[in-house]
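Protein chains: 2
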Amino acid sequence: MQDRDLVLGIDIGGTKTSCGFVDLTGSIFNATSMPTQAKESVDNFISRLNHQIEKIRADLPFSHCLCGIGIGAPNAHHYRGTIENAVNLNWGESVDLVSLIKRHYNLPVVITNDANAAAIGEMLFGNARGMKHFLVITLGTGLGCGIITDSRLLYGASGFAGELGHTVVDPDGRQCGCGKRGCLETYVSAAGLRRTAAALLAERRDPSPLRATSYYKMTAKQIFNLAVEGDPLALEAFDRTARILGMKLADAAAHLSPEAIFLAGGLASAGDLLLAPTRRYMNDFMFSAYRGTVNLLPSGLQTGVSAILGAAALIWHELKQL
Amino acid sequence: MQDRDLVLGIDIGGTKTSCGFVDLTGSIFNATSMPTQAKESVDNFISRLNHQIEKIRADLPFSHCLCGIGIGAPNAHHYRGTIENAVNLNWGESVDLVSLIKRHYNLPVVITNDANAAAIGEMLFGNARGMKHFLVITLGTGLGCGIITDSRLLYGASGFAGELGHTVVDPDGRQCGCGKRGCLETYVSAAGLRRTAAALLAERRDPSPLRATSYYKMTAKQIFNLAVEGDPLALEAFDRTARILGMKLADAAAHLSPEAIFLAGGLASAGDLLLAPTRRYMNDFMFSAYRGTVNLLPSGLQTGVSAILGAAALIWHELKQL
Chain X
2 MQDRDLVLGI
12 DIGGTKTSCG
22 FVDLTGSIFN
32 ATSMPTQAKE
42 SVDNFISRLN
52 HQIEKIRADL
62 PFSHCLCGIG
72 IGAPNAHHYR
82 GTIENAVNLN
92 WGESVDLVSL
102 IKRHYNLPVV
112 ITNDANAAAI
122 GEMLFGNARG
132 MKHFLVITLG
142 TGLGCGIITD
152 SRLLYGASGF
162 AGELGHTVVD
172 PDGRQCGCGK
182 RGCLETYVSA
192 AGLRRTAAAL
202 LAERRDPSPL
212 RATSYYKMTA
222 KQIFNLAVEG
232 DPLALEAFDR
242 TARILGMKLA
252 DAAAHLSPEA
262 IFLAGGLASA
272 GDLLLAPTRR
282 YMNDFMFSAY
292 RGTVNLLPSG
302 LQTGVSAILG
312 AAALIWHELK
322 QL
Chain C
2 MQDRDLVLGI
12 DIGGTKTSCG
22 FVDLTGSIFN
32 ATSMPTQAKE
42 SVDNFISRLN
52 HQIEKIRADL
62 PFSHCLCGIG
72 IGAPNAHHYR
82 GTIENAVNLN
92 WGESVDLVSL
102 IKRHYNLPVV
112 ITNDANAAAI
122 GEMLFGNARG
132 MKHFLVITLG
142 TGLGCGIITD
152 SRLLYGASGF
162 AGELGHTVVD
172 PDGRQCGCGK
182 RGCLETYVSA
192 AGLRRTAAAL
202 LAERRDPSPL
212 RATSYYKMTA
222 KQIFNLAVEG
232 DPLALEAFDR
242 TARILGMKLA
252 DAAAHLSPEA
262 IFLAGGLASA
272 GDLLLAPTRR
282 YMNDFMFSAY
292 RGTVNLLPSG
302 LQTGVSAILG
312 AAALIWHELK
322 QL
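These protein sequence lines are chains X and C, in that order. Numbering follows our numbering, with no gaps: position 263 of the first sequence is 264. Numbering follows our numbering, with no gaps: position 287 of the second sequence is 288.
No lab work stands behind these hints: they were computed from the structure. One should not assume that every hint holds.
[What the hints assert, rightly or not] DSSO-like cross-link-like pairs, simulated, lysine-lysine; straight-line CA separation at most 30 Å:
#1 X:K321 x C:K133
#2 C:K321 x X:K321
#3 C:K321 x X:K133
#4 C:K17 x C:K40
A quick note: this is a predicted structure, and the numbers were derived from the prediction, not measured.
Let the hints inform the model, and build the full structure from the sequences given.
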């Protein structure tokens with residue numbers, strides 16, 4: 002029997018690193034994860050990761066050919082193969098991760114940021130199959146964005162295109178971790194939703210269980226659950242989030258004219274509570290020539306393994322172009 | 002002696018249609034123009050245009066080979082070869098201009114909108130030579146934008162990407178001709194500058210010759226001249242225009258991560274009165290990872306012939322890829 006062609010997808014997150022083998026149809030084998038330790042050196046991290054990879058590789062129930070490795074990570078620089086200024090990790094200003102991985106695996110290795118990986122994953126294995134122009138918005142602690150134009154990831158001159166999380170909603174608005182004010186991700190993200198809920202506690206008078214929760218303890222999940230139960234404050238927090246997101250997605254469409262925009266990541270699992278009003282607002286703000294032609298859709302990748310699929314799709318996409 | 006390779010560049014505007022022959026170095030020969038008549042049928046227009054072309058072609062002082070025709074026009078659809086819903090012309094919903102031109106000239110003919118033509122002109126003959134990622138913003142009656150990523154024009158799914166003029170500055174803001182409110186071009190354009198001056202007449206108390214001019218008679222040129230003379234109202238009008246433009250260009254950079262952004266068109270001839278403060282505001286609003294790396298520059302194409310050069314560059318660019 003022939004060897005099965007596989008790639009390895011690795012997703013490096015601030016708290017957890019996941020990996021698994023993926024074939025060309027998007028089937029995942031032996032996915033696993035290990036903690037990413039903030040204070041660990043990169044050499045230690047790589048050695049632990051290699052150990053993990055060899056372990057799941059030995060457990061594969063069929064003979065295979067490993068064709069390449071794809072990595073998704075925050076602050077990853079595709080052109081340089083590096084991770085730069087990863088604030089949650091003790092890895093210094095720039096780590097040449099691709100070279101470190103290649104020391105152990107003499108294979109094609111590519112890296113990109115997690116939102117770009119999500120976009121390419123959507124194109125190969127998700128709801129963007131057959132599309133040439135689309136965006137994936139990842140809504141987690143922050144707001145990330147991967148842009149596909151003409152079936153290719155858009156990197157731009159810096160290698161960091163698609164920083165929609167730092168477009169301006171209000172020049173005098175909320176403080177952002179980036180040093181600016183009023184960035185989109187201070188409104189539209191899990192953290193942004195919490196800030197909006199806090200602002201509504203001040204603005205409105207509705208009683209709400211949110212008033213009995215400290216800011217530290219408030220979570221997007223709690224606000225979601227309350228909204229589902231009909232809590233007016235929580236519902237209003239989602240509506241405001243949707244309005245700002247819809248407005249900025251219409252702006253993004255005016256730049257890029259995509260066929261569709263996909264919402265992925267933790268906050269996107271709020272489903273139609275976020276998706277339906279965002280779609281309505283996006284169409285309100287849409288330039289007339291595109292109105293009604295840009296679909297707002299949920300990601301087609303299964304939560305939990307979407308990051309591995311994205312990283313794997315990245316290297317499959319690259320290998321197909323060789 | 003060998004025939005000289007030339008293309009014909011045609012720029013169709015609402016009031017004037019210009020054309021001229023252009024060689025591969027960007028030298029223009031026998032440029033001319035004729036009025037675009039709002040009530041004329043497209044067949045009449047084409048017949049007048051052909052007559053004009055044959056006249057300037059007969060006058061060329063050297064033997065030549067005409068290699069192709071490039072056309073820049075508002076509402077031009079690159080993929081379809083059409084001009085769609087040209088509001089200032091009596092041409093109906095959609096005119097297949099490329100086919101009409103090809104009836105007379107059995108040559109490669111391409112069409113795109115005027116801002117895209119300006120972008121490709123900048124890349125071949127202007128200040129963007131050698132750049133792979135940049136934007137050209139055309140500031141005339143409205144605000145147009147041509148986007149180059151990876152050395153290619155970005156068209157998107159609709160063929161109409163780069164509608165930055167209709168991104169949202171203020172969802173409750175000024176009425177726009179497109180039916181929305183607060184679009185960028187209602188603030189940043191020749192018409193937008195006049196609206197800002199009118200708003201300042203209400204907000205501020207400074208005496209100014211602008212108070213003696215009717216709204217209809219007020220022009221961007223007049224506001225420019227007054228600003229140069231130090232009129233506080235006119236200066237403030239430019240500063241506000243620059244702030245909004247700078248903010249939205251920082252947003253555009255967050256989408257596309259360009260090497261540079263170029264300002265072209267009538268209002269851009271205000272030079273440093275607009276360019277210098279826009280550059281400052283753009284950097285204030287720029288995402289930290291790009292700050293200082295995105296240049297804001299004037300167009301390198303000579304006013305008056307830039308549209309012909311852009312249309313010619315479009316077809317040269319296409320011919321080089323064949």
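Hints versus structure:
1. X:K321 x C:K133: Holds: X:K321 and C:K133 sit about 24 Å apart, inside 30 Å.
2. C:K321 x X:K321: Holds. C:K321 to X:K321 sits at ~27 Å (cutoff 30 Å).
3. C:K321 x X:K133: The hint holds at about 24 Å.
4. C:K17 x C:K40: Distance of about 13 Å is within 30 Å: holds.
When each numbered hint is compared with the structure, no violation occurs for any of them.
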